[in-house]
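Chemist: Given only the sequences and the hints, what does the whole structure look like? Please build it.
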Amino acid sequence: MKFNSIISERKRVLEIRKKYQPLADLKENIKRVKLRTDFRKSLNREEDVSIISEYKPASPSMGEISQLTVGDVVPLFEEGGASAVSVLTEESFFKSNIDNLKLACRITRLPLLRKDFILDPYQIYEARAYGASAVLLMADLYPDIREGIELCNYLDLDALVECKNQKEINMAIKSGAEIIGINNRDFNNFKIDLGRTEKLASLVPSNITLVSESGVQSPEDVKFLSKLGVDAILVGSSIMQTPYILEKVKELVFAGKKSKTSR
Numbered sequence: 001m002k003f004n005s006i007i008s009e010r011k012r013v014l015e016i017r018k019k020y021q022p023l024a025d026l027k028e029n030i031k032r033v034k035l036r037t038d039f040r041k042s043l044n045r046e047e048d049v050s051i052i053s054e055y056k057p058a059s060p061s062m063g064e065i066s067q068l069t070v071g072d073v074v075p076l077f078e079e080g081g082a083s084a085v086s087v088l089t090e091e092s093f094f095k096s097n098i099d100n101l102k103l104a105c106r107i108t109r110l111p112l113l114r115k116d117f118i119l120d121p122y123q124i125y126e127a128r129a130y131g132a133s134a135v136l137l138m139a140d141l142y143p144d145i146r147e148g149i150e151l152c153n154y155l156d157l158d159a160l161v162e163c164k165n166q167k168e169i170n171m172a173i174k175s176g177a178e179i180i181g182i183n184n185r186d187f188n189n190f191k192i193d194l195g196r197t198e199k200l201a202s203l204v205p206s207n208i209t210l211v212s213e214s215g216v217q218s219p220e221d222v223k224f225l226s227k228l229g230v231d232a233i234l235v236g237s238s239i240m241q242t243p244y245i246l247e248k249v250k251e252l253v254f255a256g257k258k259s260k261t262s263r
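Residue numbers (full-length UniProt numbering): 1 to 263.
Everything labelled a hint here was simulated from the structure, so no lab data went into it.
Errors might be hidden in some of the hints.
[Unchecked claim] Simulated pairs of lysine to aspartate or glutamate, EDC-like, Cα-Cα distance not exceeding 20 angstroms:
(1) K41 to D193
(2) K250 to E46
(3) K250 to E47
(4) K191 to D156
(5) K223 to E46
(6) K223 to E178
(7) K95 to E79
(8) K27 to D120
(9) K260 to E46
(10) K250 to E28
(11) K102 to D140
(12) K191 to E147
[As the list claims (entries may be wrong)] Distance ranges between label pairs, derived from CB positions:
(13) K11 to R146: 32 to 38 angstroms
(14) E247 to I16: 37 to 43 angstroms
(15) L68 to K11: 24 to 30 angstroms
(16) I192 to N44: 34 to 40 angstroms
(17) T242 to E46: 26 to 32 angstroms
(18) I107 to T261: 29 to 35 angstroms
(19) D156 to R106: 31 to 37 angstroms
(20) F190 to V13: 32 to 38 angstroms
Note that beta-carbon positions come from the ideal geometry of N, C-alpha and C, so glycine has one too.
Modeler: Following this line, the structure appears as structure tokens:
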């Protein structure tokens, strides 16, 4: 599955969404949605590396991962000690949708990250209207990262700016990013390499919250990334594919306790 195919499909669905629910309607809905717990603040723990547990029923590289619903897993994420929840909202390849964000909003007090291929300001407004605390903006995908971050700030959302190389990290910093994510997955071949965080972590200033995304399987992976100075780790597939979700989250959270290393 080519990355470009995913983006083409995302654009097609986005145009349908805009017709189904115009921006003016989203802005009205935002007035009725309470602000949620601060996403960035929830990740910044003095000694602990935080775990962001992700609802991810499928992916292009793995196919179907789980048939469990948001209602099934999010309470387990919270009980297990996760600091925040990421909800994938892409329909075609990840088999989720924006309504899962709204449902998660109803059943947990944890801050919620909307994870998707955000291409347009509409999707940022949509995230806020459906209860998100933060949105993921890919540095090489969103048209203007600075404007995206500013819109998030205007809507009282945090922006997690996802980067995969030094150039993108520099761009994110110059654009005012307060949270930077390093994705360990290569979207060209979907291979995972935690070495990407190892290579790039030191480029992120200590006053910026650093999140390592993708590929974490075990407590040993958490401890490895903790030594690189990350503040939080986003984990999706390995949590969703186990029949023991609560135990898995607890295991990863425990591995992050008192393990934070300064950058």
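Chemist: Do the alpha carbons of K250 and E46 lie within 20 angstroms of each other, as the hint requires?
Modeler: holds, 19 angstroms
Chemist: For a C-alpha distance cap of 20 angstroms, please report whether K95 and E79 respect it.
Modeler: violated, 25 angstroms
Chemist: Against the 20 angstroms threshold, does the CA-CA distance of K191 and E147 hold or violate the hint?
Modeler: violated, 31 angstroms
Chemist: Mind checking the alpha carbons of K223 and E178 for me, to see if they're no more than 20 angstroms apart?
Modeler: violated, 24 angstroms
Chemist: Hint check: K102 vs D140, CA-CA at most 20 angstroms. Holds or violated?
Modeler: violated, 27 angstroms
Chemist: Looking only at beta-carbon atoms, does the pair F190, V13 fall within the given range of 32 to 38 angstroms?
Modeler: violated, 21 angstroms
Chemist: Can the restraint linking K191 and D156 be considered satisfied, given a maximum Cα separation of 20 angstroms?
Modeler: Violated, at about 34 angstroms.
Chemist: Between the beta carbons of T242 and E46, is the distance compatible with 26 to 32 angstroms?
Modeler: At 29 angstroms between Cβs, range holds.
Chemist: E247 and I16, beta-carbon distance inside 37 to 43 angstroms?
Modeler: holds, 40 angstroms
Chemist: Taking 20 angstroms as the top limit, are the C-alpha atoms of K260 and E46 close enough?
Modeler: With a Cα-Cα distance of about 8 angstroms, the restraint between K260 and E46 holds, given a limit of 20 angstroms.
Chemist: Hey, K223 versus E46, does the alpha-carbon distance stay inside 20 angstroms?
Modeler: With a Cα-Cα distance of about 16 angstroms, the restraint between K223 and E46 holds, given a limit of 20 angstroms.
Chemist: Does the alpha-carbon distance linking K250 and E47 stay inside the 20 angstroms limit?
Modeler: Roughly 17 angstroms separates the two Cα atoms, so the pair holds.
The structure shown violates the earlier hints numbered 1, 4, 6, 7, 10, 11, 12, 13, 16, 19, 20.
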